[in-house]
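This is what each chain is made of:
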Amino acid sequence: MAMAETVTITREEKKGRIRQWLEKNDSRIKDLQYSIRLFLKSPMAVLGLAIIILFLLLAILAPWITPYGEMERNWYQIMKPPSAEHFFGTDDMGGDVFSRIIWGSRISLYVGFVVVVSAIIIGSIIGGISGYFGGIIDEIMMRVTDIFLAFPSLILAMVVCAALGRSTENVMLALCITWWPTYARIIRGQALTVREQKYIEAARAVGGTDLHIITRHLLPNSLSPVIVQSTMDLGNVILTAAALSFIGFGAQPGAAEWGRMVSDGAQFMMTSPWIVTFTGLAILLACLGFNLFGDGLRDIMDPKMRR
Amino acid sequence: MKLRDYIIRRLLLLIPVLIGITFITFFLTHSIPGYDPATPWLKEKTTPAARELIVKQHHLDEPIVIQYFYYLSDLSRLDLGLSASEGNRPVVDALKDYFPATLELTITSLLICILLGIPIGIISAIKKDKWPDHIVRLFSLTGISIPVFWFALILQYVFYLKLNLLPLGGRLDIGQAPPTFSLPFIDVHSTGLYILDSILAGRLDILSQALLHLVMPSFCLAFISLAVIARMTRSSMLEALTQDFIRTARSKGLSEGVVIFKHALRNALIPTTTVIGLMFGGLLSGAVLTETIFFWPGIGRYSTRAISALDYSSIMGVTLLVAIIYVLTNLLVDVLYAYLDPRIKFG
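Chains as they are written, first to last, in our numbering: chain H, 1 to 307; chain X, 1 to 347.
None of these hints come from the bench; they were simulated from the model. As the structure is a prediction and not an experimental result, all values here were calculated from the model. Be careful, since some hints might not be right.
[Unchecked claim] Stretch-level coverage of chain X by chain H, calculated; a stretch enters the list once three of its residues show a Cβ under 8 Å from a Cβ in chain H:
1. 115 to 127
2. 245 to 251
3. 255 to 261
4. 318 to 325
5. 333 to 340
[Said to hold, decoys possible] If you want the footprint, here are the derived chain H segments under chain X, 3+ residues with CB under 8 Å:
6. 271 to 278
7. 286 to 296
[Claimed, not checked] Using 20 Å as the maximum straight-line C-alpha spacing, the simulated EDC-like pairs for lysine to aspartate or glutamate come out as follows:
8. H:Lys41 x X:Glu62
9. H:Lys41 x X:Asp133
10. H:Lys15 x H:Asp26
11. X:Lys130 x X:Asp5
12. X:Lys128 x H:Asp210
13. H:Lys30 x H:Asp210
14. X:Lys127 x H:Asp299
15. X:Lys262 x X:Asp341
16. H:Lys30 x H:Glu12
17. X:Lys130 x H:Asp299
18. X:Lys2 x X:Asp334
19. X:Lys56 x X:Asp79
20. X:Lys128 x X:Glu256
21. X:Lys262 x X:Glu239
22. X:Lys56 x X:Asp74
Even glycine gets a Cβ: it sits at the ideal position worked out from N, Cα and C.
This is chain X alone, in the form it adopts within the complex (with noise of 0.2 Å):
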C-alpha cells in the first residue's frame, strides 16, 4: 500500500471512532441528574413562556436521538455550543483561549522527558545490571508509582513555601498582563504561547517570569513519562546491542563511544520516537490534575470546572478536542515510525 493510500484509509477510520466518542459522551452527559439543558440561555428575568421558546429553538424537547443528531449536525460547522460554566461563551472560544496553555505545558514537559529521559536510558543500558541500572530501574518504578497530585503538593510545600524559589502557581505573577507583539504583514499579536510571545514582543522580564512558573508543574507533568522514556531507551539500546552490525562494528575496531552513539543509538530511538509521539496524548489527559493543583489555565482545569459545574456542552468539547489530537499523533507517529524504519510496510 502506498503512504498516502495509507494515511487516507487511516484517516477515514477516524471517522467512526470520533462520531463513537461524541456518542458515549453525548448519552453519558445528558443521563447526568439535576441538569436543565437550557441553562446556557437562560437570563435572571427570562419567563417560563420565554424558556419554553428557548427550548423549541434549540431543539430541547426532542427524544434525545434527535438531539444527538442536531449536535452533530452543530458540530459539522465547529459550532461546539455554549458554555454554562464560562458565562455562555462559545465552547469554541474556551478552548481557544486555553488550550495554548496546555500546549506549552506539555511541550515543555516533553522536551523535559526527552532531554533527560534518553540520556538516562542510554546510561542504564550501558551499565546494565551495575549500580547505574539498578539506581535509575528504581527512579523510574518511583516515577510511574507516584501519586502525581502529591508530588505537587510536595513540590509546592518545598519551593513556594520553605524556599520561596518558585511561584505557587499561573501562568504569570498575579497583575502581569500576556505578552504582545506586533509583525510586520501579519495581524496576529499573540499566539496565546507566552515564550514564544514574549520572544517575539522582546519583553524578557516577562519571559523568565513565563519560565520560573512553567519549572514546577512541567517537571510535575514530565515526571511520570521521563521514567517510561528511559526505560524505553534502555530496552531497545539492549536489544540494539545484541545486533549483529554492532559485533561488525565493534569487530572492525571502531571505538566503544562510536559504536554506541552511532550505531546503536540511531536504531535504539526509533521506538523510542513512537512512545514519546503515544506519550503526548497520555501527557494532555495527565494535565488535569497537573493543571488544577497549579491554577495553570488551560483545558485540563476547564474540564474540571466544566464537569463539577455540569457544563456539557465543555465537556463535550474538550473530550473531542482531546481525542482528535490522541489519535491524531497516533496516526503521525506510525508514519513517522516507517519512515525511520523502512523494513516497515503500512498495511
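Excised from the complex, chain H in its bound form (with noise of 0.2 Å):
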C-alpha cells in the first residue's frame, strides 16, 4: 500500500515537472513548431528529407531488400542490359548493379557520417577557442585554419591517400584533414558575437569556468550555422570521396563503392553504358538529397527569411 502511494506522488510530481519544463521551454517549443510548418511549406525541403530517409533505409535494410549480394557475381550474365531480373543490368563481373549500388550506399553515408561529425568536432574545439579567448591564440588558430583552407583540398587529400595506403579508411582520414578549417571558421565567427552577450557575462558572473561557458553556452548557440552547413557537407563529402575512389586513390579495384564503380564501367561506356550512369545517378541523388534538405533548413534558419 505504502508502495503505490509513493509512486502515485513520484508519477503527480512527474507531471508537475512536465509542466514546469513546457512552460519553461514554451517559446522554444513554439519556434520549432513554427520551423516545422515552415518546412512543410516548402516542398523541396521535404523532398530533400525523402530522399536522405530512403537512403537511410537502403544502407540500413540492405541485407534483406537486395536481390543479390554486395560480391556477387555470375559469369553466364555479364555486361546484360537492364532487364527484369536485373534493373539495372550487369557489370563486366557480371556483378548486378542494382544491388551494388545499394551495398555501396552504406559505405558512402558512413564515410560521409563520420567525416562530417569529426570536422565539426575539430573545428568546435579550434574555433571555439579561438573565438572565445582571442587575441594571440585566436591569431595562431586561425593561421593554421588559413593555411588548411589555402590546401588546393582534393590534391591534399590525394597526398594523404598516397601516403598512408588507398583505403576507404584513409580517404576518411585525408577528408577530415581538409574538411575541419570550415567549420572552426563559422564557430568562430559565432563565437565572437556570442562572447559579448549579456547572458555571458551572467555566466561568467555567477562563476562559471571558461570550459563550461564554452560547452554549455558558447556551442549550443552556434549550433544553426553549423547544422546547415554540415547537412550540405554531407552532400559534398559523398562527392569528394566518390571522386578520390574515381581516380584510384580509395577503394579498390571491384569493390562496390560508388566512386569506383564508376570508375570500374568508364572502360566499358561504349557497350554497356548503364553501369556508369546508374550509378552517377544515385551519387547524384543522395547528393541532392542533402543539398535539398540543408538549403531548406537554411531558409528556416535565416532570420530574414521568417518576416
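Starting from the two chains in their separate frames, assemble the complex, guided by the hints.
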C-alpha cells in the first residue's frame, strides 16, 4: 500500500515537472513548431528529407532488400542490359548493378557521417577556443586554419591517401583533414558575437568556468549555422570521397563503392553505359537529397526569411 | 588603415601561410613509403658508390628537418627540384608547360559561369517563388550535387560516342602542332594559351579546333560554380531589392527595367564579384578531375600523375603554385571589394 502511494506521488511530481519544463521552454517549443510548419511548406526541403530517409533505409536494410549479394558474381550474366532480373543491368564481372548501388550506399553514407561529425568536433574545439579567448591564441589558430584553407583540398587528400595507403579508411582521414577549417571558421565567427552577449557575462558573474561557458553557452548557440553547413557538407563529402575512389585513391578495383564502380565501369562506356549511368545517378540523387534539405533548413533558420 | 599598408600587411601574412603549406606537404610527401628520394638523379648504370655521392650531394642523408631547410633555401632561388615523373626535368619547367593549359581552361569556365550564372540569378530573383525561381533552384542544387567525373563521362558518351560532335579530349587534334606566332620587337613565340596564340598567328583553323576541344571540359568544370554564382546573384539581388533606394527609385516613376538593372544589379554584383574571385581557386582545384578525364595537359593532370608516381617534388610544386594563386586572388578580391563598396574599411 505504502509502495503504491509513493508511485502516485512521483507520478504527480513527474507531471508537474513536465508541465514546468513545458512552461519554461514554451518559446522554444513554439519556435520549433513554427519551424516545422515552415519546413513542411517548402516542397523541395521535404523532398530532400524524403530522399535522405530513402537512402538511409536502403543502407540499413541492404542485406534484406537486395536481390543479389555485395560481391556476388554470375559469369553467365556479364554486361547484360537492364531487365526484370537485373533492374540496372550487370557489370563486367556479372555483378548486379542495382544491388551493388544499394550496398555502396552503406559505404558512402558511413564515410559522409564520420567525416562531417569529426570535422565538426575538430572545428568546434579550434573555433570555440579561438573565438572565445581571442588575442594571440586566436591569431595563431586562425593562421593555421588559413594554411589548411589555402591548400588545394583534393590534392591534399590525394597526397594523404598516397602517403598512408589507398583505402576507404584513409579517404575518411584525408577528408577530415581537409574539412575541419570551414567549421572552425563558422564557430569562431559565432563565438565572436556570442561572447559579447549579456548572458555570457551573467554566466561568468555567477562563477562559470571557461570550459562550462564554451560547452554550455557558446557551442549550443553556434549550432544553427553548423547544422545547415553540415547537411550540405554530407553531400559534398560523399561526392569528394567518390571522386577520390574514382581516380584510384580509395576503394580497390571491384569494390562495391560508388566512385570505384563508376571508374570500373568507365572502360565499358561504349558497350554497356548503364553501369556508369545508374551509379552516377545514385550519387547525384543522394547528394541532391542532402543539398535540398540543407538549403531548406538554411531558409528556415535565416531570421530574414522568417518575417 | 591606408590601402597600401593593408596590402603590405596582407602580403606579409602570406609568408607564414606559404611556409606552413610547404611544411605540411614536405613532411607528408616524405612519409610516403617506398619512395627513394635519389630517383631523379639515378641512371641505369649508377653504381652504389655513385649513388652514395648523389645522396651526399643532395643532402638526402641528413635528418628530414635539415632537408626541409635545404628545400626552403632552394625554393628561395625558385628551384623546385627535379620531377621524376617528367623524365627528371626541373619542376619549374613542367609547371611552365602545364600551367597555361589550366589557365585557359579555368578562364573559359569562369566566363561561362559569369555569362550564364548572373542572368540566371537575376531571373530567379525577379520571379522569386514562382516557377522560374524553383527551376533555377533545382538546377543550382543539382549543379552542386553532380559528380563531375560522372558528368564528364556522360558528356563524352553523348557528344563524342553517340553524336560525334565534339572531340573526346586533349587541347588540339592529334598530330596538330601548337600555334606559334612572331611579333615585331618581342621575342615571344607562344604563350601556351592556344586561343590567344592562334589568333596572334592568324590561324583560324587552329582557333576553331582549340575552341571545340574546350567546350566539354570547360562546361564540365563550370557547371558546379555556375550554380553557386546563380544562387549568390539571386540572394544579393533580393537583398538589394528591399533597400530604401529602390523604393525611392520606383516612387520617382522609373521603369522596372531601369530599377532592376541600374539600381539593384549594380549593388547586387558586389558580393557576386567576391564569390567569383574566390571561385578561381576552387576551379583550379576542381580542374584535377576534369583534366584527368579529358586528357587536358594541365597542372591538374600533372598532379594526379605525380601523386601516382610518388614524385614528390612535383606534388609540392603544384600544391605551392595553386596555394599561391588562391591566396593572391583572395587578397585581390578583398581589395576589389573595398574599391567597389566604399563603406568597407580596411583593417
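Going down the list of hints, with the structure as the test:
For a cut-off of 8 Å, the count of residues in the segment 115 to 127 of chain X with a CB near a CB of chain H stands at 0, and the three-residue condition is violated. By the rule of at least three residues with a Cβ nearer than 8 Å to a Cβ of chain H, the coverage given for the segment 245 to 251 of chain X is violated, with 0 such residues. Look at the segment 255 to 261 of chain X against chain H: 0 of its residues bring a Cβ nearer than 8 Å to a Cβ of that chain, fewer than three, so the hint is violated. Three residues within the 8 Å Cβ limit are the bar, and the segment 318 to 325 of chain X against chain H gives 4, so the coverage statement holds.
With 0 residues having a Cβ less than 8 Å from any Cβ of chain H, the segment 333 to 340 of chain X misses the three-residue criterion, and the hint is violated. Here's how the segment 271 to 278 of chain H fares: 3 of its residues keep a CB closer than 8 Å to some CB of chain X, so the rule of at least three is met and the hint holds. Here the segment 286 to 296 of chain H counts 6 residues with a CB under 8 Å from a CB of chain X, which clears the bar of 3, and the coverage holds. A distance of roughly 66 Å separates the Cα atoms of Lys41 (chain H) and Glu62 (chain X); the hinted pair therefore is violated under the 20 Å criterion.
For the hint linking Lys41 (chain H) to Asp133 (chain X), the alpha-carbon distance of about 16 Å falls within 20 Å, and the restraint holds. For the proposed pair Lys15 (chain H) and Asp26 (chain H), the alpha carbon gap of about 16 Å is at most 20 Å, so the pair holds. Among the hinted pairs, Lys130 (chain X) with Asp5 (chain X) is inconsistent with the structure: their alpha-carbon atoms are about 48 Å apart, more than 20 Å. Between Lys128 (chain X) and Asp210 (chain H) the alpha-carbon distance is near 45 Å, which puts this suggested pair outside the 20 Å criterion.
Between Lys30 (chain H) and Asp210 (chain H) the alpha-carbon distance is near 31 Å, which puts this suggested pair outside the 20 Å criterion. For the given pair, Lys127 (chain X) sits about 17 Å from Asp299 (chain H) by alpha-carbon distance, which is consistent with the 20 Å threshold. Simply put, Lys262 (chain X) and Asp341 (chain X) have alpha-carbon atoms about 16 Å apart, close enough for the 20 Å limit, and the pair holds. Of the supplied pair hints, the one linking Lys30 (chain H) and Glu12 (chain H) is violated, its CA atoms being roughly 25 Å apart against a limit of 20 Å.
Distance hint between Lys130 (chain X) and Asp299 (chain H) is fulfilled; the C-alpha atoms sit about 16 Å from each other, no more than 20 Å. With a C-alpha separation of about 14 Å, the suggested pairing of Lys2 (chain X) with Asp334 (chain X) holds against the 20 Å cut-off. Simply put, Lys56 (chain X) and Asp79 (chain X) have alpha-carbon atoms about 18 Å apart, close enough for the 20 Å limit, and the pair holds. Between Lys128 (chain X) and Glu256 (chain X) the alpha-carbon distance is near 15 Å, which keeps this suggested pair within the 20 Å criterion.
Distance hint between Lys262 (chain X) and Glu239 (chain X) is fulfilled; the C-alpha atoms sit about 15 Å from each other, no more than 20 Å. Taking the CA atoms of Lys56 (chain X) and Asp74 (chain X), the gap is about 16 Å. The hint holds against a cut of 20 Å.
Checked against the numbered hints above, the structure breaks hints 1, 2, 3, 5, 8, 11, 12, 13 and 16 and satisfies the rest.
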